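J.: Top line first, the protein sequences correspond to chains X and F.
So the first sequence is residues 711 to 938, counted in the working numbering.
So the second sequence is residues 1296 to 1512, counted in the working numbering.
No lab work stands behind these hints, which were simulated from the structure alone.
Here the structure is a predicted model, which is why all the values come from computation and not from measurement.
Watch out, some of these pointers could steer you wrong.
[What the hints assert, rightly or not] Beta-carbon label-pair distances, calculated as ranges:
(1) Tyr858/X to Ile1420/F: 21 to 27 Å
(2) Thr1414/F to Ala903/X: 37 to 43 Å
(3) Ala915/X to Arg1505/F: 50 to 56 Å
(4) Thr1414/F to Ala915/X: 43 to 49 Å
(5) Pro1313/F to Ala915/X: 30 to 36 Å
(6) Gly843/X to Arg1298/F: 39 to 45 Å
(7) Gly850/X to Arg1505/F: 29 to 35 Å
[Stated by the list, open to error] Here are some, though not all, of the chain F residues that point toward chain X, as calculated from beta-carbon distances under 8 Å:
(8) Gly1345
(9) Asp1359
(10) Trp1360
(11) Glu1361
(12) Tyr1378
(13) Asp1380
(14) Phe1385
(15) Met1388
(16) Ile1420
(17) Val1423
(18) Met1427
(19) Asp1428
(20) Pro1458
(21) Leu1462
Backbone N, C-alpha and C fix where the C-beta goes; we use that ideal spot for every residue, glycine too.
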Amino acid sequence: MIDKWGVSAEAAVADIGDGSVVMIGGFGTAGMPDQLIEALIAQGARDLTIINNNAGNGETGVAALIKAGRVKKIICSFPRQADSHHFDAAYRAGRIELELVPQGNLAARIQAAGAGLGAIFTPTGFGTLLAEGKETREIGGRQYVLEYPIHADFALIKAHRGDRWGNLVYRKTARNFGPIMAMAAKTTIAQVARIVPLGDLDPEAVVTPGIFVQRVVEAAPLPLHAVA
Amino acid sequence: MERLNRHQMAARVAKDIPEGAYVNLGIGLPTIVANYLPVDRDIFLQSENGLLGMGPAPAPGEEDWELINAGKQAVTLLTGGCYFDHADSFAMMRAGHIDICVLGAFQVSVHGDLANWHTGQPGAIPAVGGAMDLAIGAKQTFVMMELLTKQGESKLVEACHYPLTGLGCVSRVYTDIAVFAVGPSGAGVLEMVDGLTIEDLRKLTGVPLRESMAHLA
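The task is simple: from the sequences and hints, build the whole structure.
T.: Okay, here's the thing in C-alpha cells:
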C-alpha cells in the first residue's frame, strides 16, 4: 500500500544531507513549514542552499535556520525586513551568500524546473542590475532576459490537508510557493495540519496532485503572529 | 501653494481607477488608495502573495495570519474573491492581465523609467520583492510619491541615478504638487495645485515639462 504518511517530521527530513539545495515554502510566515524546519535544525545538516521568498522573520523557521549557521546561500526576493535581523547579521558578517531574484522570476524559475524546461525568457529585470551580464533577446518587439530553472534536492512545504497518496489542498494565502516548489524538488515533504482518508479531498479541488509529493507529515502548526 | 497630503493624493489616484479594473497596490503609500476607491465601482484588488478580491483589514482580534497582503498585514477576502499560487499571481502581472499597478518610487524619469527598489548605498541590503514584475507587467504603472525629497530635490528626473526597477514602464506620476504624464515624448503636466505656475514647476523639478492637454481617464 502506498502510504506517504506515517513518518514523523524528524524521520521525514533525516536524509537531507550537508550541502543540499532546499526549497522552503512560505511568504513571511504564511505557509512556512515550521515543524519541518525545526526538525531540520535538530537534524544538523549544514552548508544548505535555501530557496524562499524571504530570509527569515523573527526567531523561528528560516530565521532560526540562519541563526543556527546552517545556511551557506539563500536565493530569495525580499531578504530585508524589519525583523530579518538574523539574516542581516549573517550577511553583513559575510557568512551567507545572497542571490537576489525578482519575485516573479523566482516563481517562474521554480516553475520551469518543475515543468522540465531548460530555461525561460522573462521580461522582468531587463535593463536592471539584476540582469547584468545575462543573455537578452528581443522577441515580438519586447526585451527579455534568459533565466535558468531553479531545481532543488528537497522542498519543505506546508499545506492544509493531505491524503496518503500525497494529494494536497492549501489554506488561503499560505498556498503561495507550495504548489510550484512541490513540482521542482526531487523529494517534496509536505507538513499538513491534518491527514484525511483517500477520497475526502474533492478531486476537482486538489491543488497539488500526489505525484509531486513524496512524504506527508501531520503536524499541528505553531501559532502565527504578525511579522514586520 | 497648498500641497496635497497623503490621503488627498490617494483619493486623487483612486479617481482614475475605473469600474472593472484589476489593480495591484504596492506596499507603503499606495496601500492607502484602497480606502478611497469609489464604493459604487467593482474594482478587483490583487495581492502578489495570491489573492484577488482583497478586502479591508479585519477587526482587531479577528486576524488570520494565513490571510495576509504583500506587506504581510492581515486582510480579508471579499465575497467572490479567490486564492492562487505564486506562478498564477505573477502570470497575472507579467502578461498584462493586471490593468493598473500603483507603486511608490525613489525616482521616476521623464521617460517613465522607475527606480524604487534599491538606494545602491554601500552596506544597504537590497530587496526587490515583486516590484520589477509589477512595474513592467501591468498594462499601466502609476507612481504615487511626494515630488520632492526632504532635501528639496525633485524625484521626477531626466535620468534616474538610483538602480532601475524597470525601463519606460511608468505612464502617470501622482504627487503632492502635480500630476504628470511621462513616457517616450517626455513629461507633461496634467494637473497642479493652486497657486503654482508651470514655470514654478519647471524650477522645482529642473526638468523640461510640457503643458499637456491630455484628459485624465
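J.: State for each hint whether it applies.
T.: Hint check:
1. Tyr858/X to Ile1420/F: 21 to 27 Å: About 24 Å separates the Cβ atoms of Tyr858/X and Ile1420/F, which means 21 to 27 Å holds.
2. Thr1414/F to Ala903/X: 37 to 43 Å: 41 Å, holds
3. Ala915/X to Arg1505/F: 50 to 56 Å: Cβ of Ala915/X to Cβ of Arg1505/F: about 54 Å, so the range 50 to 56 Å holds.
4. Thr1414/F to Ala915/X: 43 to 49 Å: About 45 Å separates the Cβ atoms of Thr1414/F and Ala915/X, which means 43 to 49 Å holds.
5. Pro1313/F to Ala915/X: 30 to 36 Å: Between Pro1313/F and Ala915/X, where Cβ atoms are some 33 Å apart, the hint holds.
6. Gly843/X to Arg1298/F: 39 to 45 Å: 43 Å, holds
7. Gly850/X to Arg1505/F: 29 to 35 Å: With Cβ atoms ~31 Å apart, the hint holds.
8. Gly1345: Where the cut-off is 8 Å and the nearest Cβ of chain X is about 5 Å from Gly1345/F, the hint holds.
9. Asp1359: Where the cut-off is 8 Å and the nearest Cβ of chain X is about 7 Å from Asp1359/F, the hint holds.
10. Trp1360: 3 Å, holds
11. Glu1361: Glu1361/F check passes; min Cβ-Cβ to chain X is 4 Å, inside 8 Å.
12. Tyr1378: OK, holds: Tyr1378/F within 8 Å of chain X, min 6 Å.
13. Asp1380: 4 Å, holds
14. Phe1385: Given a least distance of 3 Å, the restraint on Phe1385/F holds.
15. Met1388: With a closest approach of 6 Å, the Met1388/F hint holds.
16. Ile1420: The hint holds - Ile1420/F has a Cβ within 8 Å of chain X, the shortest such distance being about 4 Å.
17. Val1423: OK, holds: Val1423/F within 8 Å of chain X, min 5 Å.
18. Met1427: 4 Å, holds
19. Asp1428: For Asp1428/F, the interface hint holds, since the closest Cβ of chain X sits about 3 Å away, which is under 8 Å.
20. Pro1458: Pro1458/F check passes; min Cβ-Cβ to chain X is 5 Å, inside 8 Å.
21. Leu1462: 4 Å, holds
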